[in-house]
Structures are given as structure tokens and as C-alpha cells.
Amino acid sequence: MTIVACIDGGKLSQSVCDYGIELAKTHNLPLTLLHIIEKNTYAKVNLSGAIGLGSRDNLLEELTSEDEQQSKQEVKHGKELLISLKEYASKKGFEDVNLAHRHGLLSESLLDLEREAKVVIIGLKGQDSENKNIPIGKQVENILKSLHIPIILINGSHKPIKKVLIAYDGSNSSKKALDAIVSRPLLGDVQRDIISVNNDQALQEAKERLSSANLNANFVLLHGDPVDEITKYQKENQIDLIAMGAFGHGAWHNIIFGSVTHQMLIEASVPLLFLR
Amino acid sequence: MQKLKKEWFSNIRGDAIAGIVVALALIPEAIAFSIIAGVDPKVGLYASFCIAVVISFVGGRPGMISAATGAMALLMVTLVKEYGLEYLLATTILTGLIQIALSYIGIHKLMSFVARAVVVGFVNALAILIFLAQLPELTNVTWHVYVLTAIGLGIIYLFPYIPKIGQILPSPLVTIIILTIFVYFVGWDVRTVGDMGQLPDTLPIFLWPDVPLDFETLKIIFPYAFALAIVGLLESFMTTTIIDDLTDTKGDKFKEARGQGIANIASGSMGGMAGCAMIGQSIINIKSGGRGRLSSFLAGIYLLVMVVFLADVLTVIPMAALVAIMIMVAIGTFDWGSIKRLRTLPLSTNIVMLGTVIVTVGTHNLALGVLTGVLLASLFFANKISHFMYFETEYNADKTQKVYKFVGQVFFNSSEKFYESFDFKEVLDKVIIDVSRAHFWDISAVYALDKAVIKLRREGAEVEIIGQNEATSTIIDRFGIHDNPEEIEKIMGGH
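Protein chains in written order, with the working numbering: chain A, 54 to 329; chain B, 1020 to 1514.
Chain B extracted, bound-state conformation (with noise of 0.2 Å):
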């Protein structure tokens, strides 16, 4: 009860105030973000209105934004064109419904094999994505739409350095403002808003999505609904560390993976897409004061209220507005820290972030660029630790018996190494093979040594290993006495 009520009212004043600027922001997104999925915006806008309502009460971490997002509309594209929107809703609704199972199956935990690097790598992605994303609305223009969507980036960028109302008024209101009055009155011929499909005319309405509720449509919309759940989720579970850190509280991720879900459901069953949480608007918030749940619940509402009572305006708008405020979002989604440290950064860890910024921009979907990211950060661990590997070797007086000492990390990776190490070639009537400082983690370690010793034996010699028990101790697929120090001890002892 008490937390409940911290989460939502410790802060009504800063909340109510971000909620007007993280609506306004949301605005020029979720239209953005529409034309990117290749829907109407009132489809977008919709689906921020549910979104941010319903994960203000069901979500893990107050302060964040969630909404339509341009990670999610990226994977929708080919679904919109080739099946349509009734489609897309149904894919939404199972989005909702695979994440609600992924978070009781704790995918929350499964985060921390996503390396830093990946994060970073994701993020980066995501901000050239959303740049990549205007360049149809700036090739074969005329040039009224680069002069618009100059001034809108000078404006967006300078005025909030006029002293007192630069840090009152929302700059993108203020560009949006301008620039329509201004092709409002010059009459220049460029494309509005109102040119990219249906606004929003009524409140959304309950409406189950018209697709046949069969195997055939299960086939249709199972891949993307599962893209779309697990980049949801990976967008919101880091949008979750960011605002931890810049509010130096902790979110509930497990929550926050359920109500992610139950946003989607909402959202597809009022005519939204999918969406999740948003890096960008989450920032603004926090930077306009929000912490609480009522930022978003108010942001919420407000767009909702701004987009039915306004539609006529928001028809006129020009694009390049949109377009300016969208190039801005990606510059601040753009982890430009990421850039300089480049240098100073280990190689391996450069591959790792620039090989997912790679294999998303390539592919225009984060899932996969995330999964390269993890599967490189893998492999480049394993190759660490298969270095940590080394044998020493002593004869008895008559060079008649050898002992192979074994130290290190015996593996997959390092397995091929470990049998190279034996000399094969030397005529021996004894082999000691003592690895009882050495850790073999899986069977290929013990296979390594199975055929090591038969080799060993097939040229004559008699083998002895010594200490086989505690080298093995490790490839137990228990973990729970992993957090006990004596048995930690026990097996990692000797070094």
C-alpha cells in the first residue's frame, strides 16, 4: 500500500509537468513510428495511449516510458505489407501473451548474458534505425523540406538556451508550432501529416481483431509476435538499468516483463500495435522531473486528449517537423560515449558492439543483432578463458617416466590444446597424467583425455591419472552449492 502510494503521488507536481512533455514528444513518435509500420498514425497513437496508461499500473518501474516504438514497428513492416493491419493487431494481442509467459519463466534473468557491449551495440543500432527510418520523407524532395527541416533541428537545439523559457517550453512543441505556422502562411507545397493516413477521430473502442482464429493465422503472426516479444522485452529490461541508474532506484524486471505483456494486449485489442519501452522518451522524463507512475498514466491521457480534440491541426503539420524531432531522438538514443571509448576498449569488445550494430542496420532487426552480440560475447570469453591453461612436465632419473602436471581451464575451446600438449612421439614406459589442479567443465575436456590416454597407450606406455574426481567436480550441473564458499573451495582450490 505505502509503496503503491510512493510510486504514484510522491511526486504529483514534477509528474504532471513531465507527463505534458513526454506527451508532446510522443505525438511526432507515434505518428513516426506509424508510417514506419506502414499503418495509419492513428494506429500508433493509439497504442501509446494504451500503453503508457496501462504499464503505469501494471509496469516495474515507475518513471519509464512505454509506447509505440520504432524497434517494434521495424519488425512489423513486411507483416503490414503482405497480411495488413487486422493481422498486426492479432500479432500485438500475442505479443502481450508470449511475454506474459516469458516473465514467469524468468527471462528477467536470462539479461545477464547479454554483455555490455551488446547493450551498447543495441542501443546504437536502435538510433540509426530511427535516422534510417526518415530518409524516405528527405530523398526526392524539393528543397523547402531540407530548409524546414534545418530550421526545426536549429530551433529544437538552440532554443532551449534562450534564458527562462527555453526551460519551460518543450523546444519540439515549439518546432512543431513554428514550422507549421510558417508553411501555414508561406503556402509551400510539402508534405503533412494529414497526408500519411487516418488521425485519430474518436477514444479507441474495445474491438477484437478480425483475422480467423486458426492454425493458418497461428503460422502467420507466431514469428513476429515472438520478435516482437523479445525485443520488447530487451528494449524494456535496458530502458529499465538506464532509469535505475540516472534515478539510483531499483525497478522490478519480472514486473515490468508482465506488464509489458498486458500493455500489448491492451493495445492490440483497442486497434494499437505493439510497443515497449522507450530509451528516448524515458530520458526526456526523467530530465523533465517524472519519477513516478503518474508521469506516464498522465502522458498517457494527455496525448489521447491532445490527438482527438486537435486531429485538424496535427493534419497540418509538415513532415519535416516530424523529421527533425525524430533525427533529434536519435542523436539522444545514440550512445555517443560509446564512440570515444572505441579506442581505449579492447578489441574483442568492439567486435561485440559493432557486430550487432552491424547485423541489426543489416537486417532491420534487433532481435537478431542482439543474438549475434551474445553469441560473439560467448565466444570471445570462451577464447579468454581457454588461455588460462597450462601443463608442466618432469622426468624420473632413467627419462624412462614423465608426469604431465595439468593447471587451468580444460573445455570445449580448450580441449584441442590440452591433448596437443602431449608429446606422443616420445617412447615412455610410464605416462603420469596429473590434473588434479585442472577443471574439466564438459565432456569434450574428458574426451580429450579418454583419447589421450588411449593414444598414449597404443604407443606402449603404461598411464596413471592422478586426481581425475576433483578435476571432474566441475562438470556437475548443479548450481545451488555454487554460492557455498567451502564447496566453491573445494572444487576451484589450488589456485
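If we strip away everything but chain A, and leave its shape as in the complex, we get (with noise of 0.2 Å):
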């Protein structure tokens, strides 16, 4: 098993490690950071429309070339940022770390590496998305929906983790959320609140689970709109980082009226940690 710390040169990659650094120390794993390269430009195009000898080949080596000379740059790009960050771990103290570099789309990327990542830590917004006037990056709610393992999404510089919130509204992702949390510790020992917004059946179940299991917890419950309560909460209580399940009405009901997930990922000032 081992960390997976998703980099890509844009300002929140230092945090991203950082939080990646972190959760390698509490559960004594090696930690991977990963690069991809997304190639997505098409530069040169020929409105004539005429073909003519040799068309096809020449139109490949042209395209090939103008790939290559992209990839190259890319690799290099991403090379030099995978050595600095892995320096920067050592520099840290932490030196059991993987590098991956690889081609691709980073939603296949991940879901190849599914099985031996215990967490994924990216950014919320990459570099591609950070200078658009966009709240959530591009691949984030892609990522969310195709992958099965817990998620970390960074939002800002890096604080240790010491109180989670974990928010709970009784759905299957939010049970998953609370085991992680809770019963099997992804993020090691740290002061956890537990919440539940308008939903007191829900917040008693959680007691029930966490009593049966003998563990502590604050539960609170609150009363009003979930993420702008969720949001206060955390602000008014230092809260480190804000735990929820992913998705918890289904996709049709997010299509028809926007999902609570989507919302947090825009109001969250903290990083939150995502289960499906």
C-alpha cells in the first residue's frame, strides 16, 4: 500500500506533498507522488483541404514531431518537479518515497493504482484550472465519481491534522466515512466531531456505532442549510479537516438539484476528505 500525493506544478503541489508527507508518517507507508502527462493541444492546422502525394505520411510525421517535442519538454518539466518534491520530502525527514511518472489521462492513471493506494491527495483546482475563473478543477468531480478509495482534496497550505469533522446524514457514504474516520483510523489520532445537519436519527445511529465500538467523539447536531452550517462549524472550532461521503443521493437526484458535495468542494476552506 502506499500514499498517493497527485502533482502537477501548480501552486497547491507543495500542500499536496506536504498532507501526502503527513498521512505516509501516521501510517508508516511509503508515499508516491505522481505526475501525469495530459497531452491535449492541437496546434497547427491546414484549411486546404487538398491531399495530395504522400498526404497521410507527411501529416504524421508532422503531428509526430509536433507531439514529440511537446512530450519532451513535458517529461523534463515533470521530472524536475518530481525530483525537487521528493528533495523537499527528504528535506522534511522523510525519505521512503516512490516517483510516478506516466501518460495518460489522471482519472486512468488512478484507477490503475486503485488497488495499492491506500489515499489519494490532490489538489482542488490544477494548474491548467487555477489561473480560470473556476471554482473546482476540472478532473475533481470526474476523479470523485470513478474512484473507489478515500480521497483528500487540498485547498490551501498545510496545517496538521488534529480535529476532523466528519459530516453524517446516514447514507452509505457517509457510514464509510465515519468507519474510515473512526474504526479503522486513516488519519491516526485525532479529535473528532461529528455532525449531523437537521438529521437527529442519524446523529443517534452514529453514537450507537461509535459506543458499540468504544470510542469517543463530540456529536453535534445542527439545524439549518448543511453546507453553510457545516462551513460555520468548522470555522467557529478550528476544525483541520472536514470528512464526508461522496455523493450520497445518487447521481439523478445531483443532476436535478445539485448535489451538497459540490457545494462543500466550493465553501470548504479546509481539505476535505471525500468516501464512496
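Since the hints were made in silico from the structure, they are not lab data. Please note that a few of the clues may not be correct.
[To be verified] With the C-beta cut set under 8 Å, the calculated list includes, among others, these residues of chain B facing chain A: (1) I1036; (2) L1043; (3) I1175; (4) P1191; (5) I1303.
[What the hints assert, rightly or not] Derived BS3-like pairs (lysine-lysine); straight-line CA-CA distance at most 25 Å: (6) K1022(B) / K191(A); (7) K215(A) / K144(A); (8) K185(A) / K1024(B).
Where a beta carbon is used, it is the ideal one built from N, C-alpha and C, also for glycine.
Got two chains here, each in a separate frame; can you build the complex from them with the hints?
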């Protein structure tokens, strides 16, 4: 098993690496730094519509050399990035770092790593998205939907995780979130606040689950809009991380009503741990 | 979801522009291929619209362009001549059904039997056929037509060299505009598109072909539909591979085969002829910056809009302009590198390629050409492999006992050689045949061994066979275990 930290050279990469080191130390596991080379540009365009002698061979040669140059550059850039973050980790006293450098799509590469990864850490916005006026990175939602392992989304600089909020609504994925924090401690020994919004029954259920496992936590019932209440509670109580189940109500519900998950991604100011 | 979104909308600008270039190139081709098939231009144009639009949703290779094609049109000629348009429409629908059925039985996996040389032969034969199909327009005509065609070709190939606008305006379009205006004002009496038959004046409507639904009809249309289905899938798979290479991505051949079927059913029920993926058009699309499903969809839409609203303009386009464009398509489709490589490639490869070309051009049937190519390639392969067999002999001290030790591949093609390795004239008390390092691939090999044993016994020798079980383990028809390195080592061991 390993802790996977996805880095792309964006502003959040270092913080992602920091959280990766923290979790790798907690679990005594190696840290894997993953960098993906995604190809996505079509540069030269010829609209002449004429094809002549050897058009196909020439076109293949042209497109290949374009990609080649771009890839070479990105491979070099990616390597430098990986090595610099590895050195950064060793400065912080952590040596057990693997480097993974792959072509393709981030979501595909993560699916390949799903079996070995205990948790995936990724920035809320990648390098491609950070200069654009969008709240969350283009690939985040897709990754949340396709992966079945815990994912931590980072949206700011690193702070040690001491106090964790678990948003519990009784859904299957939130039960998993509870399990992950409480009975199989993914985040190590932390203070746990279990929050339910507008749902006392769910909170009682959570209490029972914990007491039967002989574990301690604070239980809080809040009233109002889930996203507002949770973010308010987080700020007032200096919570370091929010854990929740992703897409509790199924895909169709989310398409029609918009999802709490999506809103939380936009509003939260601390890392979010998602479980499915 | 994400993948679909990417395939449709990741390259909107590029696809929208490439779609225009493709549509402009599709119009003359669709008209020209209709003329080859012997139907009104509107049949090819409706087909191109339907296929391009439908395949953009159900195809497996974004960035590939499918429409009415020359390869398919050539197969329809006699059907149209003898039975007429309605039977062609019914055939088109049946072609689609066959393609869907073939897709589900995994026809795309059979593509591995189509050797590289056959693919090259197919492409070259197709180019030659497209070119030959233009000859009727160039024979028994006045010198005006030659002049117009030459000017047309000149514009097509020289226009792109003009700085700035050369890379923005599609040169085939420029050719059409210049030649049409020229002929219109000079008043030369040359054939125009309007002389070739009816053009679309309305949007296509759903229309079930007017043929009797009985066994007689099936008997007529099935052979055509089957050949069309095979050729359509072949060209589509080949084009898929070409686009895969160009874009460094991977198409889904199963989905493409099924999609081609669906598109043909749609085309046949909307008054269009059968079609498939187009090598030339797909290259034009990629070259123009098209990568997604959107470019094929928009090409179909643009085509229909232009054709329906500009029908009057289309009728005055001189045929010479179309001929020039089709000659360009033929030249662009031809694999010129293959001619250069003729000198360096082995003779057997060249024979496979040329055999495919010759049979195709001779019969105007790409399916027969490919079948020839595949057979030739398999025979050459069998012949090559049969050389991988040799034997050693060894005597005991008084030369009354001889050991034949065989190493290599024994199968139908080398079994004769295996049998003749024995010296039956030699007087011996005992013969030991050691086949533990030979591989018997089929019953011919086993039969040859039996025959040799019987013959030796008749000459009075005692025969002992060593390692027959090892040798015959290759006959088994179970393929699953061959993925397992240990099993392969067991069977192929000792080499």
C-alpha cells in the first residue's frame, strides 16, 4: 500500500506533498508522488482541404514531431518537479518516496493505482484550472465519481490534522466516512466531531455505532442549510479537515438538485476527505 | 459521461472549422460516387448526410469521417443497373443489419489476419478505382473538359501555396467556384452536375424501400449486402487504424463496426446508399484540425444545408471540377510510400500487395481483392514456416540401427518434406524416430508420421518413436493456455 499524492506543478502541489508526508508518516507507508503528462493541444491547422502525394505520411510526421517536442518538454518539466518535491520531502525528514510518471489521463492512471493506494491526495484545482475563474478543477468531479478509494482534496497550505469534522447524514457513503475516521483510523489519532444537520436520527445512529466500538467523539446536531452550517462550525471550532461521503443521493438526484458534495467543494476552506 | 463530453466538446473550434472543410469536400465526392453507382446525386448526398450525422453519435472513432464512398459505390453498379434504386435502398438496410450482426460476433478481431501488405494493397486499389471511375467523364469529350480539369487540378494543388489565404480557404471549394463562374461566363457547352440526375430539393424523409419483402428479394440483395458489409467494415477498420496512428489515440473497433451498421440502416431508410469510413476525407479532417465527434456531425449538417439551399447553384457546377477533385482524392488516398518501398521489401510482401491491387482492379470488388491478399499472405507465411524444420541421423556401431532426430515445425505444408526425409531404401533392423523436439501442428503431420512408420515396417525394420506426446501437444485446439508462459515453454520448449 502507499499514499498517492498527485502533483502537477500548480500552486497546491507543495501542500499536497506536505499532506502526503503527514499521512505517510501516520501509516508508516511509502509516499508515491504522481505526475501525469496529459496531451491536449492541436497546434497547426491547414484548412486547404487538398491532399496530394504522400499526404498521410507527411501529416503523420508533422503531428508526431509536434507531439514529440511537446512531450519531451513536459517529461523534462515533470521529472524536475518530481525530483524537487522528493528533495523537499527528504528535507522534511521523510525518505520513503516513490516517483510515478505516466502519460494519459489523471483519472485513468488513478484507476490503475486504485489497488495499491490507501488514499489519494489531490489539489482542488490543478495547474490548468488555477488561472481560470472556476471554483474547482476540471477533473475533480470525474475523479470523485470514478474512484472508490478515499480521496483528500487540498485547497490551501498545509496544517497538521488534529481536529476532524465528520459530516454524517446516515447515507452509505457517510457511514464509510465514519468508519474510515473512527474504526479504521485513516487520519491517525485525531479529535473527532461528528456533525449531523437536521437529522437527529442519523446522529443517534452514529452514537450507537461509536459506543458499540468503544470510541469517543463529540456529537453535534445542527439546523439549517447543510453546507452553511458545516462550514460555519468548521471555522468556529478550528477544524483541520472535513470528512464526508461523496454523492450521497445518487447521480440522478445530483443532476436535478445540485449536490451537497459540489457545494462543499466550493465553500470549504480546509481539506476535504471523500469516501464512496 | 466525462469521456463522451470529451469526445464531443473538447475541440469545438477545431471541429467546427474542420466540419466545414469536410462538408465542402464531401459534396463533390457524394455526387461523384452517386454517378459511379448509377443513381441520382441526391442518393449519395442523403447518404453522406445520414451516415456522417449518425456515426458521430454511434461510431467508435472520433475524428473519423464516414459517408457515401467509392469502394461501396463500385459494388452496387450491377444491382442498380438490373434492379433499380429501391433494391439498392433495401440492400443498404440489410448491409447495416449484417454489419451489426458481424460486430457482435467480433469481426474486428479478424482484422489481425489482414496483413499490412493487404491493407496497403486495399488502399492503393481503392485509389486506382476512384481514378478509373473518372475516366468516363474524360473520354469522348471536347478539349474544353481537359482544359477545365487541368485548371482545376492546378488550383487545387497550387492554391495552398498562396500566403495567408492558401491555408484558410479550402482549395477544392476555390476550384469549384472559379470553374463554375468561368464556364458560366464563357458559355462553354460542357456537362454539369445538373445533367447527371436529380439533386435534393427537400430534407430527407423516412421512406421504407418499395420492394416485396420475400425470399426472392433476399436472394437478390443478400450477396450484394454481404459484400458491402465486408468492404464497409474493412475500410472503416483500416481508416480507424490510420486515425489512431495520426492522433495517437485508440478507437473502439467493435463500436465502430456496430455504428457503421446503424448508420447504414439510417441511410437506407432515408433514401441513401450504403457507405463507410473514408480514408481521404478523414485525413482532410485531421489535417484541418478536426479531432472530435462534433466535426463529423457538423459536416453532415453543413452538407445538407448547403445542398438543400444551394441546389440551383450545384446544378451549374461543371463535371470537370468534380473530376479534378476526385483525382485529388485518388492521389491523396494512394500510398505513395508503398511504391518507394517496393524495391526494399521482400518479394512475397510485394506479391501480396500487388495481388490485392490486381484482383481488386480487375473485379472492381475490394472484398475479393482482400480475400486474395489474405490467402496469399497466409500461403507465404506457411511456406516460410515450413523451412523451419531439419533432421539429424545417427547410427549404432554396426549400422543396423538408425536414429532420425527431427527439429522444427511439421504441418500440412512441411509434412511431405518430413516424409521424404526418410531413406526407405536403406536396410535396417531398427529405426528410432525422435520427434521430441518437433512440433506437429495438424493431422497432416501425424498422418505423415504414420505413413513413414508403416513404410519402414514394410521394409522389415522395427520402429520406435520417441517423444510423440510432446510433439503432438501443439495440435490441441485450446488457445487459452498459450497466454501462459509456463505452458508455452512446455509446448515450445527446447527451441
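Comparing the hints with the structure gives:
1. I1036: 7 Å, holds
2. L1043: OK, holds: L1043(B) within 8 Å of chain A, min 7 Å.
3. I1175: 5 Å, holds
4. P1191: Hint on P1191(B): holds, closest Cβ of chain A at ~5 Å, below 8 Å.
5. I1303: 6 Å, holds
6. K1022(B) / K191(A): Roughly 13 Å between the alpha carbons, so the hint for K1022(B) and K191(A) holds.
7. K215(A) / K144(A): It holds: about 23 Å lies between the C-alpha atoms, which stays within 25 Å.
8. K185(A) / K1024(B): Answer holds: K185(A) to K1024(B) is near 19 Å, not above 25 Å.
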